[in-house]
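Novice: Assemble the whole structure, with the sequences as input and the hints as a guide.
Respectively, the protein sequence lines represent chains A and B. Counting in this note's numbering, the first sequence runs from 1 upward without gaps. Counting in this note's numbering, the second sequence runs from 1 upward without gaps.
FYI, nobody ran anything at the bench for these hints, they're computed from the structure. A quick note: this is a predicted structure, and the numbers were derived from the prediction, not measured. Among these hints, one or two may not hold up.
Said to hold, decoys possible - Quick list of the computed label-pair ranges, beta carbon to beta carbon: (1) A:M2 <-> B:A98: 13 to 21 angstroms; (2) B:T70 <-> A:I60: 25 to 33 angstroms; (3) A:P61 <-> B:P51: 28 to 36 angstroms; (4) B:T12 <-> A:R9: 24 to 32 angstroms; (5) A:T108 <-> B:E42: 14 to 22 angstroms; (6) A:P8 <-> B:S83: 24 to 32 angstroms; (7) B:T70 <-> A:Y10: 41 to 49 angstroms; (8) A:D38 <-> B:K28: 23 to 31 angstroms.
Claimed, not checked - Pairs of lysine to any residue, SDA-like flavour, derived with a Cα cap of 25 angstroms: (9) A:K3 <-> B:D84; (10) B:K100 <-> A:E72; (11) A:K3 <-> A:S75; (12) B:K49 <-> B:H108; (13) A:K62 <-> A:I12; (14) B:K105 <-> B:D84; (15) B:K105 <-> B:Y30; (16) B:K49 <-> B:D67; (17) A:K13 <-> A:P103; (18) B:K56 <-> B:G16; (19) B:K100 <-> A:Q85; (20) B:K100 <-> A:R71; (21) B:K28 <-> A:Q44; (22) B:K100 <-> A:Q44; (23) A:K3 <-> B:Q45; (24) A:K3 <-> B:K100; (25) A:K69 <-> A:V88; (26) B:K100 <-> A:L96; (27) A:K13 <-> A:K82; (28) B:K100 <-> A:G40; (29) A:K70 <-> B:N97.
To be verified - Taking beta-carbon pairs under 8 angstroms as the criterion, some of the chain A residues facing chain B (in silico): (30) T31; (31) G42; (32) L43; (33) I48; (34) F90; (35) S94; (36) F101; (37) G102; (38) G104.
For each residue, glycine too, the CB sits at the ideal point set by N, CA and C.
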Amino acid sequence: DMKVTQMPRYLIKRMGENVLLECGQDMSHETMYWYRQDPGLGLQLIYISYDVDSNSEGDIPKGYRVSRKKREHFSLILDSAKTNQTSVYFCASSLLQGKYFGPGTRLTVL
Amino acid sequence: GDSVTQTKGPVTLSEGTSLTVNCSYETKQYPTLFWYVQYPGEGPQLLFKVPKANEKGSNRGFEATYDKGTTSFHLQKASVQESDSAVYYCVLGDPTNAYKVIFGKGTHLHVLP
Chain A
1 DMKVTQMPRY LIKRMGENVL LECGQDMSHE TMYWYRQDPG LGLQLIYISY DVDSNSEGDI
61 PKGYRVSRKK REHFSLILDS AKTNQTSVYF CASSLLQGKY FGPGTRLTVL
Chain B
1 GDSVTQTKGP VTLSEGTSLT VNCSYETKQY PTLFWYVQYP GEGPQLLFKV PKANEKGSNR
61 GFEATYDKGT TSFHLQKASV QESDSAVYYC VLGDPTNAYK VIFGKGTHLH VLP
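Specialist: The structure is reproduced here in structure tokens:
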């Protein structure tokens with residue numbers, strides 16, 4: 001069963017706290033992604049990972065970093081979260097341009 | 001730069017009526033085009049890839065054909081159902097990177113029973 005999982009599904013943090021969002025996939029896809037989705041802005045690409053320890057900035061990487069130590073796991077890290085990072089975050093994986101998305105993590109930064 | 005522009009929603013239809021979501025694209029390269037759908041509380045999922053110009057892509061009763069002359073690939077369905085209520089995204093593959101795509105802003109469809 002081809003699946004992308006995300007943990008946690010909901011998270012509330014205070015400004016300045018660190019945030020770790022985790023993503024897993026069971027399809028052995030080399031390429032994984034982090035997006036955020038905001039009303040009126042659609043989906044914005046934060047980072048792409050082409051394989052283990054091979055990560056590349058997307059369109060809005062500022063304030064985020066990523067870690068990929070195993071092909072099936074991809075983490076998004078917010079060091080000292082800001083209120084404008086309140087959003088829904090989606091992880092995805094793909095063979096090429098057709099992507100499989102996870103169910104999302106709704107992050108609220110107070 | 002490359003871009004996609006789609007019907008601004010929300011679009012509200014009654015069950016059994018037809019749907020068209022307009023989408024146009026700009027690119028200097030040969031386009032790779034997709035439609036994605038996002039149901040409430042879920043991530044986007046690939047609806048289908050639109051193949052070559054003048055060929056039809058389709059899935060679950062939805063279809064789209066891309067017109068090279070007008071640089072458009074409108075999404076259509078002859079008879080919508082309440083379960084089709086979702087956000088629909090037209091997507092352009094980034095010709096400079098096989099792994100990147102450009103999402104449109106999305107069109108929110110409400111289908112009334």
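Novice: Hints first: check each against the structure and report whether it holds.
Specialist: Quick rundown of the hints versus the structure:
A C-beta distance of roughly 20 angstroms is found between M2 of chain A and A98 of chain B, which places it inside the suggested range of 13 to 21 angstroms. A hinted range of 25 to 33 angstroms for the beta carbons of T70 of chain B and I60 of chain A is consistent with their spacing of about 31 angstroms. The supplied range of 28 to 36 angstroms is met by P61 of chain A and P51 of chain B, whose beta-carbon atoms lie about 33 angstroms from each other. Taken as a hint, the range 24 to 32 angstroms holds for the pair T12 of chain B and R9 of chain A, whose Cβ atoms sit roughly 29 angstroms apart.
For the pair T108 of chain A and E42 of chain B, the beta carbons lie near 19 angstroms from each other, so the given range of 14 to 22 angstroms is met. At about 28 angstroms, the CB distance of P8 of chain A to S83 of chain B agrees with the hint of 24 to 32 angstroms. Remark: the range hint 41 to 49 angstroms for T70 of chain B to Y10 of chain A is upheld by a beta-carbon distance near 43 angstroms. For the hinted restraint 23 to 31 angstroms between D38 of chain A and K28 of chain B, the CB-CB distance of approximately 29 angstroms keeps it satisfied.
For the hint pairing K3 of chain A with D84 of chain B, the CA-to-CA distance comes to about 22 angstroms; that is within 25 angstroms, so the pair holds. Restraint check for K100 of chain B and E72 of chain A: satisfied, since their Cα atoms lie roughly 19 angstroms apart, inside the 25 angstroms limit. Simply put, K3 of chain A and S75 of chain A have alpha-carbon atoms about 16 angstroms apart, close enough for the 25 angstroms limit, and the pair holds. Our distance criterion of 25 angstroms between C-alpha atoms is met by K49 of chain B and H108 of chain B, whose separation comes to about 20 angstroms.
With a CA separation close to 20 angstroms, the supplied pair K62 of chain A and I12 of chain A stays within the 25 angstroms bound. Among the hinted pairs, K105 of chain B with D84 of chain B is consistent with the structure: their alpha-carbon atoms are about 18 angstroms apart, no more than 25 angstroms. Restraint check for K105 of chain B and Y30 of chain B: the C-alpha separation of about 22 angstroms stays at or below 25 angstroms, so the hint holds. A distance of roughly 14 angstroms separates the Cα atoms of K49 of chain B and D67 of chain B; the hinted pair therefore holds under the 25 angstroms criterion.
For the suggested pair K13 of chain A and P103 of chain A, the alpha carbons sit about 20 angstroms apart, so the restraint of at most 25 angstroms is met. Distance restraint check for K56 of chain B and G16 of chain B: the Cα-Cα separation of roughly 22 angstroms lies within the 25 angstroms cut-off, and the hinted pair is therefore satisfied. Among the hinted pairs, K100 of chain B with Q85 of chain A is consistent with the structure: their alpha-carbon atoms are about 22 angstroms apart, no more than 25 angstroms. This hinted pair checks out: K100 of chain B and R71 of chain A have alpha carbons roughly 19 angstroms apart, not beyond 25 angstroms.
Straight-line distance between C-alpha atoms of K28 of chain B and Q44 of chain A comes to about 22 angstroms, which keeps the hinted pair within the 25 angstroms bound. Restraint check: the Cα-Cα separation between K100 of chain B and Q44 of chain A comes to about 11 angstroms, which is no more than 25 angstroms; the hinted pair holds. For the hint pairing K3 of chain A with Q45 of chain B, the CA-to-CA distance comes to about 11 angstroms; that is within 25 angstroms, so the pair holds. A C-alpha spacing of about 20 angstroms is found between K3 of chain A and K100 of chain B, which places the hinted pair at or below 25 angstroms, so the restraint holds.
The straight-line distance between the Cα atoms of K69 of chain A and V88 of chain A is roughly 24 angstroms, inside the 25 angstroms bound, and the hint therefore holds. Restraint check: the Cα-Cα separation between K100 of chain B and L96 of chain A comes to about 8 angstroms, which is no more than 25 angstroms; the hinted pair holds. A C-alpha spacing of about 9 angstroms is found between K13 of chain A and K82 of chain A, which places the hinted pair at or below 25 angstroms, so the restraint holds. Between K100 of chain B and G40 of chain A the alpha-carbon distance is near 21 angstroms, which keeps this suggested pair within the 25 angstroms criterion.
For the proposed pair K70 of chain A and N97 of chain B, the alpha carbon gap of about 23 angstroms is at most 25 angstroms, so the pair holds. Evaluation of the T31 of chain A hint against chain B yields a held restraint, the C-beta minimum of about 5 angstroms falling below 8 angstroms. With a cut of 8 angstroms, the hint placing G42 of chain A at the interface with chain B holds, because the nearest CB-to-CB distance is about 5 angstroms. Here the hint on L43 of chain A is kept, as its CB sits about 5 angstroms from the closest CB of chain B, short of 8 angstroms.
Interface restraint check: I48 of chain A against chain B, minimum CB-CB distance 6 angstroms, threshold 8 angstroms, status holds. With a cut of 8 angstroms, the hint placing F90 of chain A at the interface with chain B holds, because the nearest CB-to-CB distance is about 5 angstroms. At its closest, the beta carbon of S94 of chain A sits 7 angstroms from a beta carbon of chain B; the interface hint therefore holds under the 8 angstroms criterion. Residue-level restraint check for F101 of chain A holds (minimum Cβ-Cβ distance to chain B is 3 angstroms; threshold 8 angstroms).
The closest approach between the C-beta of G102 of chain A and any C-beta of chain B is roughly 5 angstroms, which is under the 8 angstroms cut-off, so the hint is satisfied. The beta carbon of G104 of chain A is positioned within 8 angstroms of a beta carbon in chain B (closest approach about 5 angstroms), and the interface hint is therefore held.
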